[in-house]
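Student: Just so you know, the sequences run in chain order A and B.
In terms of the numbering used here, the first sequence has 168 at position 168, counting the first letter as 1, and numbering is strictly consecutive.
In terms of the numbering used here, the second sequence has 8 at position 8, counting the first letter as 1, and numbering is strictly consecutive.
Just so you know, the hints here were simulated from the structure itself, not pulled from any lab data.
Please note that the accuracy of each hint is not assured.
With a Cα cut of at most 27 Å, we get these calculated DSSO-like pairs of lysine-lysine [as the list claims (entries may be wrong)]:
id, chain 1, residue 1, chain 2, residue 2
1, B, K97, B, K67
2, A, K39, A, K21
3, A, K94, A, K167
4, B, K4, A, K2
5, B, K4, A, K39
6, B, K4, A, K21
7, A, K59, A, K19
8, A, K23, B, K4
9, A, K2, A, K55
10, A, K68, B, K4
11, A, K2, B, K51
12, A, K19, B, K83
13, B, K51, A, K57
14, B, K69, B, K92
15, A, K177, A, K167
16, B, K63, B, K92
17, A, K68, B, K68
Just so it is clear, the structure is predicted and the values come from calculations on it, not from any experiment.
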Amino acid sequence: MKTILSSDTMDIPDGVKIKVKAKVIEVEGPRGKLSRNFKHLNLDFQLITDEATGKKKLKIDAWFGSRKTTAAIRTALSHVTNLINGVTKGYRYKMRFVYAHFPINASITNSATAIEIRNFLGEKRVRKVDMLEGVSVIRSEKVKDELVLEGNDIELVSRSAALINQKCHVKNKDIRKFLDGIYVSEKGTIAEEE
Amino acid sequence: MPFKRYVEIGRVALVNYGKEYGKLVVIVDVIDQNRALVDAPDMVRSQMNFKRLSLTDIKIDIKRVPKKKTLIAAMEAADVKGKWEKSSWGRKLIVQKRRASLNDFDRFKLMLAKIKRAGVVRQELAKLKKETAA
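With the rest of the complex left out, here is chain B (with noise of 0.2 Å):
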C-alpha cells in the first residue's frame, strides 16, 4: 500500500508524453517541484515535467548530475536494457510495438496461426471431456 517507486537521482522512468515518447531516461537531478533534469544516453541532456514520466521499478547508481560517460557506463553496470526487456511492462511494450508494425501478409499468417492453436486447444477439450464423461 505506501509508495515504492519513489523520484530520486538515479530512477529511471519513462517518457509517457511528448517528442521522447516511449524512452527510457534517468532522472539526474530534481529541479524544483514539478520538474526534473532527465538524460539517456542517446539525448541531449534536458527538463521535463514528472507528469511526461512513468516511473520505472529499475534505480542505478550515480551522483548528482554525472557525465555522459559515467552515465552510460553506470547503465550498463545496471544492466538497464536487460532488466528493463526482462520485466513484464517492458515485455508488453516490445509486443504492442511488433502487433503495430505488421503488414497484411503478417496478419494473414497471425490469422492462420491462431485458427490452429485453438484448433488444437479444441481436440484436447474434447478429449478430456470424453474422459470425464465415461
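Bound conformation, chain A alone (with noise of 0.2 Å):
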C-alpha cells in the first residue's frame, strides 16, 4: 500500500552550515566540506527553522511511499549525520596487523597516501595500496603494528581500510589456521569527546 505521507526531521547542530538544492546536501564545518547527491532516492529535502526553539532542522518528506521509499528517509537522515560527524568530528578507523610467524612490514609512501605492505605470509609480492581522496594513513607510534586512517568522510575512511584488508586475504589455506591479516579494530572519531 502507499503510505500518503511519511517524513522524519533531525536537529543541524550550531558550527555547522547546511545547503539543501536539488537534493545535493553540501555540508561545512571546522573540518572542511562535503556533499552529498541524492538524486537517486524520490524524497523532499527542506530546511526548516523551528518555531519553539529557533533551532535549525532538516525534514525529509516522502509522498505516497511504498515500504522501501519510507525506509529510505531515515537511512538519508543517517547519511547526513555521518556527513555531520565528519564535518566536525572526523572519522579514525585504526588497524592491526595480525601474523603468526612472517612480520608484516609496512611502509607509508606519498606523504601519507599509500601504503606498501611486504612480506606479507613471506611472500615476495609488494601489495600497494592508495589511499582515496581526503583520507590519511600513518603507523601509530606507541602502538606495535598498528594503522591509523583519518578522514572526513565515513564512507572514504571505510572503503580504504576495507582495500587495505582485501589485499591482505589468504589464498588456497585454510583462513581458521592462517589468521594472518590487517583488520580493523576500531572505528572511531578524531575529535575526542570530553
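Grab the two chains, each in its own frame, and use the hints to assemble them into the complex.
Tutor: See below:
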C-alpha cells in the first residue's frame, strides 16, 4: 500500500553550515566541506527553522511511498548525520596487523596517501594500496603493528580500510588456521568526546 | 519547494477532464486514496478521481459534506467567484474562452487593432533611437 505522507526531521547543530539544493546536500564545518548527492532517491529535502527553539532542522518527506521509500528516509538522515560528524569530529579507523610467523612490513609512501605491504606470509609480492581522496594513513607510534586512517568522509575512510584488508587475504589455505591479515580494530572519531 | 495546495475539505479545484470540464468545484469529502466527493452550486454532488482535478489556491471554510444551501453560503462568504476571476489563472482562462469564441469579423477587427498598436510602438522606438544616437 502507499502511505500518503511519511516524514522525519533531524536537528542540525550550531557551527555547521548546511545547504540543500535539488537533492544535493553540502555540509561545511571546522574540518572542511563535504557534499552528497541524493538524486537517486524520490524524497523531498527541506531546511526548516523550528518555531519553539529557533534551531535549524532538516525535514525529509516521502509522498505516496512504498515500504522501501519510507525506509529510505531514515537512511538518508543517517547519511547526513555522518556528513555532519565527519565535518565536525572526523573519522579515525584503526587497523592492527595480525601475523603468526612472518612480520608484516608496511611502509607509508607519498606523504601518507599510500601504503606498501611486504612480507605478508613470507610472500615476495609487494602490495601497494592507494588511499582514497581525503584519507591519510600513518603507522601509529607507541602501539606496535597498528595503522591509523583519518579523514572526513566516513564512506572513503571505511572503504580505504576495506581495500587494505582485501589486499591481505590468504589464498588456498584454511583461513581458520592461517589468521594473518590486517583487520579493522576500532572505528572512532578524531575529536575526543569529553 | 514543499507543497502548498493540499487536498482537504473545502479546497476549490478546477475540473480538467470529463463532462464537467472547466468547472470550479469544491472538495467536500475524500472517499479513498484516489477519489473525492465534489460539489458545486450548479451540479449534483458526485465522486471524481483526483486525476480529473487541478487544485487551486482558494479554500473555503466548510464542514464535511455540507448541505447545498450551506455550501452556497460559504462560497459567497469567501467570494470564490471573485477571487477566481481576479487570479492570473482565472483571467487567462477567460481570455482563452473569449479568443475561442471570436467570429471572422471579430478576428478582422483584432488584426487591425494589433497593426495599429504595433505602429504606435514602432514610432516611439524610433523616437528613442534618435535621442540616443544624437
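Student: Evaluate each hint against the coordinates.
Tutor: Status of each hint after checking the structure:
For a cut-off of 27 Å, the pair hint linking K97 (chain B) to K67 (chain B) is broken: about 32 Å separates their Cα positions. Distance check on the hinted pair: K39 (chain A) and K21 (chain A) sit about 11 Å apart at the alpha-carbon level, within 27 Å; holds. With a C-alpha separation of about 16 Å, the suggested pairing of K94 (chain A) with K167 (chain A) holds against the 27 Å cut-off. For the suggested pair K4 (chain B) and K2 (chain A), the alpha carbons sit about 21 Å apart, so the restraint of at most 27 Å is met.
Taking the CA atoms of K4 (chain B) and K39 (chain A), the gap is near 22 Å; set against the 27 Å cutoff, the hint holds. For the proposed pair K4 (chain B) and K21 (chain A), the alpha carbon gap of about 19 Å is at most 27 Å, so the pair holds. Of the pairs offered as hints, the one joining K59 (chain A) and K19 (chain A) holds, with about 13 Å between alpha carbons and a cut-off of 27 Å not exceeded. Restraint check for K23 (chain A) and K4 (chain B): the C-alpha separation of about 19 Å stays at or below 27 Å, so the hint holds.
Between K2 (chain A) and K55 (chain A) the CA atoms are separated by roughly 32 Å; this puts the pair beyond 27 Å, and the hint is violated. With a C-alpha separation of about 26 Å, the suggested pairing of K68 (chain A) with K4 (chain B) holds against the 27 Å cut-off. Taken as a hint, the K2 (chain A) and K51 (chain B) pair is honoured in the structure, with Cα atoms around 16 Å apart against an allowance of 27 Å. Restraint check for K19 (chain A) and K83 (chain B): the C-alpha separation of about 37 Å exceeds 27 Å, so the hint is violated.
Restraint check: the Cα-Cα separation between K51 (chain B) and K57 (chain A) comes to about 33 Å, which exceeds 27 Å; the hinted pair is violated. Under the criterion of a C-alpha separation no larger than 27 Å, the hint pairing K69 (chain B) with K92 (chain B) is inconsistent with the structure, at around 30 Å. In summary, the hint linking K177 (chain A) to K167 (chain A) is supported, as the alpha carbons are separated by about 19 Å, within the 27 Å threshold. For the proposed pair K63 (chain B) and K92 (chain B), the alpha carbon gap of about 31 Å is over 27 Å, so the pair is violated.
Note on K68 (chain A) and K68 (chain B): the hinted pairing is violated, with a Cα-Cα distance of about 43 Å set against a maximum of 27 Å.
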